[in-house]
Amino acid sequence: MTDFTITKEFPKSEIEFDQRFSQPDACYEYLFQQKWPDGFTCKKCGHKRYWLSSINLYICTRCERQHSLTAGTIMDSSKIPITYWFKAMWWFTTRKSGVNAVNWRPSFSTISSPVQQ
Numbered sequence: 001m002t003d004f005t006i007t008k009e010f011p012k013s014e015i016e017f018d019q020r021f022s023q024p025d026a027c028y029e030y031l032f033q034q035k036w037p038d039g040f041t042c043k044k045c046g047h048k049r050y051w052l053s054s055i056n057l058y059i060c061t062r063c064e065r066q067h068s069l070t071a072g073t074i075m076d077s078s079k080i081p082i083t084y085w086f087k088a089m090w091w092f093t094t095r096k097s098g099v100n101a102v103n104w105r106p107s108f109s110t111i112s113s114p115v116q117q
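In full-length UniProt numbering, the protein residues as written are 1 to 117.
Be careful, since some hints might not be right.
[Said to hold, decoys possible] Distance condition first, Cα-Cα at most 27 Å in a straight line; then the derived DSS-like pairs of lysine-lysine:
(1) Lys-79 - Lys-43
(2) Lys-43 - Lys-96
(3) Lys-35 - Lys-79
(4) Lys-35 - Lys-48
(5) Lys-48 - Lys-12
(6) Lys-96 - Lys-12
(7) Lys-12 - Lys-87
[Stated by the list, open to error] Simulated DEER-style distance windows between Cβ atoms:
(8) Lys-96 - Gln-66: 35 to 41 Å
(9) Pro-81 - Thr-41: 23 to 29 Å
(10) Ile-74 - Gln-33: 41 to 47 Å
If you're looking for bench data, these hints aren't it; they were derived computationally from the structure.
Here the structure is a predicted model, which is why all the values come from computation and not from measurement.
Note that beta-carbon positions come from the ideal geometry of N, C-alpha and C, so glycine has one too.
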């Protein structure tokens with residue numbers, strides 16, 4: 001399983017969070033930096049070069065092994081947009097008093113709509 005660590009520069013407020021992670025590309029960029037802080041490295045052959053597919057797979061230019069930023073995470077194969085996952089994870093990890101379903105649901109009432117469509 002991939003181990004992602006929240007770094008110092010992770011947003012401290014909801015306003016900061018929304019400014020930084022409102023777009024999917026920003027979320028994927030953050031995951032890339034967490035997974036490969038020194039740049040992409042193929043797990044199979046160690047090669048450093050890749051091309052990015054239209055479905056966000058990083059494909060090694062040498063051996064063509066496919067790498068996913070969300071593999072081994074709760075986001076893997078999810079139909080829920082990555083921006084929603086990021087918001088939910090941020091919300092759960094920043095609440096000092098804990099979170100319950102009653103408090104959480106109104107904030108994410110739109111999460112279910114893309115999945116149901």
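Checking one constraint from the list: CA of Lys-79 to CA of Lys-43, max 27 Å. Satisfied?
Roughly 26 Å between the alpha carbons, so the hint for Lys-79 and Lys-43 holds.
Tell me if the beta carbons of Lys-96 and Gln-66 are separated by a distance inside 35 to 41 Å. About 39 Å separates the Cβ atoms of Lys-96 and Gln-66, which means 35 to 41 Å holds.
Item to complete: Would you check the hint for Lys-43 and Lys-96, treating anything up to 27 Å between C-alpha atoms as holding?
Response: 37 Å, violated
Does the hinted range 23 to 29 Å hold for Pro-81 and Thr-41 at CB? 28 Å, holds
### Query
Are the Cα positions of Lys-96 and Lys-12 separated by 27 Å at most?
12 Å, holds
Agreement of Lys-35 and Lys-48 with the hint, judged by alpha carbon distance not exceeding 27 Å: The given pair, whose Cα atoms are some 13 Å apart, holds under the 27 Å limit.
- [ ] Take a look at whether the Cβ-Cβ distance between Ile-74 and Gln-33 falls inside 41 to 47 Å.
- [x] 19 Å, violated
- Holds or violated: Lys-35 to Lys-79, with C-alpha atoms at most 27 Å apart: 21 Å, holds
### Message
Check whether the Cα positions of Lys-12 and Lys-87 lie no farther apart than 27 Å.
### Response
12 Å, holds
For the pair supplied as a hint, Lys-48 and Lys-12, is the alpha-carbon distance within the 27 Å limit? 33 Å, violated
The structure fails to meet hints 2, 5 and 10 from the earlier list, while all remaining hints are met.
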